[in-house]
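Trainee: The primary structure of each chain is shown beneath.
There are 2 protein chains.
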Amino acid sequence: MKRIVVLGSTGSIGLNTLNVVREHPEEFQVVGLSAWDNAERLCEQVREFKPRAAAIGREGSSLKLKGLLDGSPTRLLAGEEGVVELASMDGVDQVIVAITGAAALKPALGAIREGRIVGLANKETLVMAGELMMEEARKHQAKILPIDSEHSAIFQCLEGNSGQGIRRILLTTSGGPLKDIPAERFGSLSKTQIMDHPRWKMGPKITVDSATMMNKALEIIEARSLFGVPSEKIEVVVHPEAVVHSMVEFVDGSVMAQLGITDMRLPIQYAMSYPRRLSSSLPALDLVAFGRLTFEPPNPAKFPCLTFGVEAARAGGTLPAVLNAANEAAVAAFLKDSLPFTQIPSLIERVLGAHRNTAHPTLAQILEADAWAHEQVTELRHGKEVAG
Amino acid sequence: MKRIVVLGSTGSIGLNTLNVVREHPEEFQVVGLSAWDNAERLCEQVREFKPRAAAIGREGSSLKLKGLLDGSPTRLLAGEEGVVELASMDGVDQVIVAITGAAALKPALGAIREGRIVGLANKETLVMAGELMMEEARKHQAKILPIDSEHSAIFQCLEGNSGQGIRRILLTTSGGPLKDIPAERFGSLSKTQIMDHPRWKMGPKITVDSATMMNKALEIIEARSLFGVPSEKIEVVVHPEAVVHSMVEFVDGSVMAQLGITDMRLPIQYAMSYPRRLSSSLPALDLVAFGRLTFEPPNPAKFPCLTFGVEAARAGGTLPAVLNAANEAAVAAFLKDSLPFTQIPSLIERVLGAHRNTAHPTLAQILEADAWAHEQVTELRHGKEVAG
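So the protein sequences, as listed, match chains A and B. So the number in the numbering used here is just where the residue sits in the first sequence, counting from 1, plus 6. So the number in the numbering used here is just where the residue sits in the second sequence, counting from 1, plus 6.
Don't read these hints as lab results, they were simulated from the structure. One or more hints might be untrue.
Put simply, identical chains are the same to the list, so a pair is met inside one copy or across any two.
Claimed, not checked - Derived lysine-lysine pairs resembling DSBU-like cross-links, with alpha carbons at most 35 Å apart:
id	residue 1	residue 2
1	K207	K56
2	K308	K211
3	K149	K56
4	K149	K239
5	K239	K145
6	K72	K207
7	K8	K211
8	K239	K207
9	K112	K70
10	K8	K72
11	K8	K70
Looking at chain A on its own, in the form it has when it is part of the complex (with noise of 0.2 Å):
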């Protein structure tokens, strides 16, 4: 039985977390929950699966929670203090870490740093802190195993070849919702339109970065801390079908693909089954029912982003944090209906041309980086100048 945490248990991972528990009741026991601010649905949360403690991240809503679980045995805590604490409980195996942004950083390292088995959702992270990340894995022996389908993917085709002989890997993306509209139409297109992703259905954060293609500017950044591969050997290929979820050429020439159903309940059950394979409910992948697979090569031109991510990758340092924290910030503004979504690009890419870049930073300097991109996307969306 593996006693297991969720880190935002109430977000779309989170919840296709507990459900793949709720399939495998004799493998998984539920031992802490936590959320940011969806009280209701936590407490419910608490009560199916009675965990040693749960955890609210907003501060604001720790008495809400306390009164809706009146009674409870269940520990309740609550803020960031609150969550990291949860992360770094005792007798637990796994932390899955399926709390969106920045936010997750502080709990995964608390994680890493008691040797846990970390399931990893949260792709800001790895983008802000990878190389921290993995250091400090290094030092505490522990295992991060991604669940983002297309890592999962990657770390799936690695299995059996001690991930030796990489020659590329290769990174597929669906082309995201916007992939067949021409760029020149993307001013006139509605938020509905924009959030309309063909392929995944997923929180509205990532909806957006699909749509600018950021999504997979991140998973390059992702992909060269998981598994030590510099930028250049990491190609984007576009895969509209998103049957193969990802792919590793090696040296000899040999290509392997992980191919699957979009559905996420997939690489979350496999970072928390592994080494072995579990049974599951869900449909098979009819290959001859899809009748075909089509390859395109990415348009940086279109969605510059993906030139961002490159970049960013190459450069390494706080640029990756950067990258992430200007995209979250313009995203939220988009979201909020107070920032057009083609400026997406353009702010980001002031806010990096803008940064002075430090090498090897500390935690401390990424938060810093992290926060001064943020206070950058505010200024310029209220028209002032950016001060490097």
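Once you've looked at the hints, dock chain B against the given chain A.
Mentor: Just chain B now, kept in the frame of chain A:
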């Protein structure tokens, strides 16, 4: 430095094996070579690779080889016994079995009984005597590494999964040269048209087997033995581009696939370098240039040999050996222009129907069944009735 023996060094797989050795002279040393009767080519290879021993299978070509290699320090062997002796020689790490047909059986068993790593390009041996060979391999701790591109692909997909949790093996086939030609037209095709394989350049026998799809039938039986998977779990998928060499679907719904260009040097080199991967000068697979990969269901009504394969795999015993022998005899007759292409399946079907199956056969019983099926084909071709 791996010391290797190449059995069948003058055939298509043998020549490519030696190409791999030429590309990696620091990795491999050829210590033994054998050919059926191409004394000139074998002589050239002996001069180049200076093996400890060389064998010519056809007794009648022995004097010729001795003449050509007069004064060479390489020990010369002849006949079936000579080839078996070469395969069982001391001081050998790996034996590549690239002999076509049933003639490979005794040498392959010789190498297995010495506990060698056996790179097996020959599928007939596993079809005829799969159960026996795998049992001997376990007993003598020999490792059988498949060289057939499909089985190499399956083997690679299973690496890192310890053979656990297989839901289905998806055996791909290009569909062969007759995929898009209606069965009614088979009777009017020339030998050149029948043997014009769209993807793979191979020897004549296997090219005819591609046209009848008997090749895939034999591969079902081969996969069943190699991977210990029942025939119900082996599905054939038509994939005309022949880029995906085969796939494995696991119980969690994840599908691993191995892709590559259609060049036998890839699976040959993998079997030779396993568990490592060596670099290769072959062109890389360019999926974007392909643009699309297609998948179709097979058509057993048009290619009845497929059904024979499924039935023989299910029945086991001596039936697979009879299927193989009847096919070998029928294809030989076709290649000598003494049997029309369209009569290959019906002839095989009649021999299968007349066979009295023996479960868990000994080698003697297998060879007896093989000889019986050859005789039956001869008799049927001369209009006699089949005796069971």
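Trainee: State for each hint whether it applies.
Mentor: Evaluation of the provided hints:
no., hint, in the structure
1, K207 <-> K56, "within (28 Å within a copy, 62 Å between copies)"
2, K308 <-> K211, "within (20 Å within a copy, 51 Å between copies)"
3, K149 <-> K56, "within (26 Å within a copy, 49 Å between copies)"
4, K149 <-> K239, "both (23 Å within a copy, 34 Å between copies)"
5, K239 <-> K145, "within (26 Å within a copy, 44 Å between copies)"
6, K72 <-> K207, "within (32 Å within a copy, 72 Å between copies)"
7, K8 <-> K211, "within (31 Å within a copy, 54 Å between copies)"
8, K239 <-> K207, "both (29 Å within a copy, 31 Å between copies)"
9, K112 <-> K70, "within (24 Å within a copy, 78 Å between copies)"
10, K8 <-> K72, "within (27 Å within a copy, 68 Å between copies)"
11, K8 <-> K70, "within (30 Å within a copy, 69 Å between copies)"
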